[in-house]
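These protein sequences, in sequence, are chains A and B.
Taken in order, the first sequence gives residues 0 to 345; the numbers are from numbering that gives the first Met the number 0.
Taken in order, the second sequence gives residues 0 to 175; the numbers are from numbering that gives the first Met the number 0.
Derived by calculation from the structure, the hints in this document are not laboratory data.
By construction, the Cβ of each residue, glycine as well, lies at the ideal position given by its N, Cα and C atoms.
There's no promise every hint is true.
As the list claims (entries may be wrong) - Listed next, the in silico EDC-like pairs over lysine to aspartate or glutamate satisfying Cα-Cα at most 20 Å (straight line): (1) A:67 - A:52; (2) A:296 - B:118; (3) A:156 - A:289; (4) A:319 - A:289; (5) B:116 - A:289; (6) B:116 - A:320; (7) B:116 - A:52; (8) A:296 - A:338; (9) A:319 - B:118; (10) B:116 - A:306.
Claimed, not checked - Per label pair, the in silico range of CB-to-CB distance: (11) A:81 - B:72: 51 to 61 Å; (12) A:322 - B:69: 49 to 59 Å; (13) A:322 - B:97: 28 to 38 Å; (14) B:69 - A:63: 49 to 59 Å; (15) A:344 - B:97: 33 to 43 Å; (16) B:97 - A:160: 52 to 62 Å; (17) B:97 - A:238: 34 to 44 Å.
To be verified - Over 10 Å on every C-beta distance to chain A, these chain B residues come out as not near it, computed from the model: (18) 10; (19) 14; (20) 115; (21) 118; (22) 120.
The residues making up each chain are set out below.
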Amino acid sequence: MGCTSFLRAAATFVAVFACAGAASADSQPDDPAALLRESLLAPQTVSYVGQIETVRFSSNRAIATIVKIEHRAPGLTRRWYVAPQELYGDYIITRGHATYQYDTTNSKVTISHAPEIDDQVAASGNFEHVLANYRALYDGTETVADRPTVSIVLINKYTGERAMRAWIDRDTNLVLKKEEYHAGGAIASQTRFEEIRYTGSIPDAIFSTDTPSHYTEVAGAHLMSPSLDLDRTIKDAGFSPYRPHDLPQGFILIGADVADLNGVRTLHLLYSDGLRSISLFENAANAAADFGTMRPKTTHFEGHPAEYIEDGPTTLLTWKEHGLSFALVGDQLLPELVEIAQSVVP
Amino acid sequence: MNDHLSNDLLVDFVHGELPPELDAAAHVHLAGCAACREDFELEATLTEALRAAAKAEEREMPSLVNAAVWDRIRSARPGPMARVAAWLRPAYALPLAAAIVAGGFFASPLAHPSAPKIDASYYLEAHAADTSATPLSERSSALVLETSMITTAPSSPSTLRANGGVAATGAVDGVH
Numbered sequence: 000m001g002c003t004s005f006l007r008a009a010a011t012f013v014a015v016f017a018c019a020g021a022a023s024a025d026s027q028p029d030d031p032a033a034l035l036r037e038s039l040l041a042p043q044t045v046s047y048v049g050q051i052e053t054v055r056f057s058s059n060r061a062i063a064t065i066v067k068i069e070h071r072a073p074g075l076t077r078r079w080y081v082a083p084q085e086l087y088g089d090y091i092i093t094r095g096h097a098t099y100q101y102d103t104t105n106s107k108v109t110i111s112h113a114p115e116i117d118d119q120v121a122a123s124g125n126f127e128h129v130l131a132n133y134r135a136l137y138d139g140t141e142t143v144a145d146r147p148t149v150s151i152v153l154i155n156k157y158t159g160e161r162a163m164r165a166w167i168d169r170d171t172n173l174v175l176k177k178e179e180y181h182a183g184g185a186i187a188s189q190t191r192f193e194e195i196r197y198t199g200s201i202p203d204a205i206f207s208t209d210t211p212s213h214y215t216e217v218a219g220a221h222l223m224s225p226s227l228d229l230d231r232t233i234k235d236a237g238f239s240p241y242r243p244h245d246l247p248q249g250f251i252l253i254g255a256d257v258a259d260l261n262g263v264r265t266l267h268l269l270y271s272d273g274l275r276s277i278s279l280f281e282n283a284a285n286a287a288a289d290f291g292t293m294r295p296k297t298t299h300f301e302g303h304p305a306e307y308i309e310d311g312p313t314t315l316l317t318w319k320e321h322g323l324s325f326a327l328v329g330d331q332l333l334p335e336l337v338e339i340a341q342s343v344v345p
Numbered sequence: 000m001n002d003h004l005s006n007d008l009l010v011d012f013v014h015g016e017l018p019p020e021l022d023a024a025a026h027v028h029l030a031g032c033a034a035c036r037e038d039f040e041l042e043a044t045l046t047e048a049l050r051a052a053a054k055a056e057e058r059e060m061p062s063l064v065n066a067a068v069w070d071r072i073r074s075a076r077p078g079p080m081a082r083v084a085a086w087l088r089p090a091y092a093l094p095l096a097a098a099i100v101a102g103g104f105f106a107s108p109l110a111h112p113s114a115p116k117i118d119a120s121y122y123l124e125a126h127a128a129d130t131s132a133t134p135l136s137e138r139s140s141a142l143v144l145e146t147s148m149i150t151t152a153p154s155s156p157s158t159l160r161a162n163g164g165v166a167a168t169g170a171v172d173g174v175h
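Can you make the complete structure from the sequences, with help from the hints?
Here it is as structure tokens:
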């Protein structure tokens with residue numbers, strides 16, 4: 000083999016190898032669901048700093064939030080609000096299951112605790128619930144925050160409607176962008192990294208939860224895991240509750256709890272299809288919702304009035320019926336929620 | 000009244016401006032005094048002529064001007080004091096007082112001894128917190144703080160923060 004022939008063969012080898020590499024990089028994932036599952040666990044191993052923009056849509060308005068974020072795997076996160084103006088400078092530090100919420104305007108820090116459960120086990124179990132009702136499909140590639148991503152879309156198995164789309168970093172499996180959709184296809188929320196840099200060199204001081212000297216420390220909620228023992232929870236509530244009989248397909252009861260609010264025993268039933276959730280609150284103390292400075296609107300169904308507000312894509316609907324006060328909360332538009340509400344007391 | 004009626008007295012009589020006793024005396028005098036009656040007839044004729052002439056000269060205001068004047072009259076609102084005074088009329092005051100007393104009673108705990116209320120933001124926050132374990136949920140701790148923002152947008156930031164007392168950790172960090 001002469002020199003020319005050798006070079007030609009070498010060039011051919013390099014070209015073929017390069018093409019093979021490119022094909023591999025562009026190829027779609029074998030199992031979109033598995034990639035989505037990996038993305039859930041990515042923050043436990045990937046550290047980064049960046050900026051996230053979130054837009055949440057109501058039926059008639061949208062609100063954007065911009066936060067700077069520092070995350071050190073597995074469980075330290077600090078979010079610093081840049082926008083909107085009302086929250087500018089406020090920050091939240093998450094250390095495992097504890098959350099420290101710093102209100103810089105009122106010099107107050109609120110400390111809350113979430114249930115201490117095994118995130119990995121919980122995420123895995125819940126993800127099976129997602130896959131029972133949604134089909135994960137590959138949806139192309141795209142660059143997000145200067146990073147190559149693979150897009151996965153979740154399609155509702157019963158309605159065929161797109162419910163969510165996630166853009167997953169091809170190298171780290173971190174979700175860099177996500178969109179959620181209402182039934183019917185309208186966008187409910189969009190969250191995306193505007194910029195991101197992967198680094199493990201984040202100083203400990205960033206995640207310090209020392210309370211500044213002039214700050215007031217406030218105990219937030221100590222949240223419990225919703226119980227699956229419905230009979231016991233109903234017994235704790237002390238009254239015979241109603242349950243919705245007409246939920247969207249795939250929704251099941253995933254938990255219940257009873258809270259004492261100003262002396263009012265309030266039962267909370269939580270339903271989910273893995274991706275979306277619906278909460279039904281009820282009490283037998285004639286305790287209506289106090290909307291404070293919110294501006295509820297009035298609607299009617301089954302001959303009685305009801306009040307509702309929209310909080311981004313979330314709707315809260317309250318009404319009284321059969322001696323009970325109800326509140327229904329979900330990421331559904333009002334007509335869907337009213338349909339569910341009508342089935343509570345047949 | 001033996002003397003003749005003065006011209007001023009006669010003019011006032013023609014125009015009905017005299018007090019009753021003078022008016023009666025002038026009437027009696029005219030009945031018996033031809034000279035004064037002649038002056039009276041002249042004055043009455045002159046008055047009628049002036050009235051006829053004035054009526055012939057009378058002009059209607061243009062309709063648009065009339066409309067504008069009436070519009071101003073109808074839209075004119077009484078001052079604050081006049082409005083308060085209007086409500087103090089007995090026809091209004093008694094029913095108003097009764098309504099205030101009744102309203103105060105029904106709004107007081109006396110009428111509703113067991114009607115507590117539950118902060119609506121609790122429902123939103125509890126829902127957000129309990130759904131935080133949902134895979135791919137937006138309900139991370141960061142978003143719980145934002146939960147009240149849309150619904151309380153017209154209120155002050157302090158109100159927003161007062162409502163954001165509940166937080167929960169999310170299942171994952173990053174965009175989740």
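Evaluation of the provided hints:
no.	hint	result
1	A:67 - A:52	9 Å, holds
2	A:296 - B:118	16 Å, holds
3	A:156 - A:289	38 Å, violated
4	A:319 - A:289	13 Å, holds
5	B:116 - A:289	6 Å, holds
6	B:116 - A:320	16 Å, holds
7	B:116 - A:52	35 Å, violated
8	A:296 - A:338	17 Å, holds
9	A:319 - B:118	16 Å, holds
10	B:116 - A:306	14 Å, holds
11	A:81 - B:72: 51 to 61 Å	58 Å, holds
12	A:322 - B:69: 49 to 59 Å	57 Å, holds
13	A:322 - B:97: 28 to 38 Å	32 Å, holds
14	B:69 - A:63: 49 to 59 Å	53 Å, holds
15	A:344 - B:97: 33 to 43 Å	38 Å, holds
16	B:97 - A:160: 52 to 62 Å	58 Å, holds
17	B:97 - A:238: 34 to 44 Å	38 Å, holds
18	10	74 Å, holds
19	14	68 Å, holds
20	115	5 Å, violated
21	118	5 Å, violated
22	120	7 Å, violated
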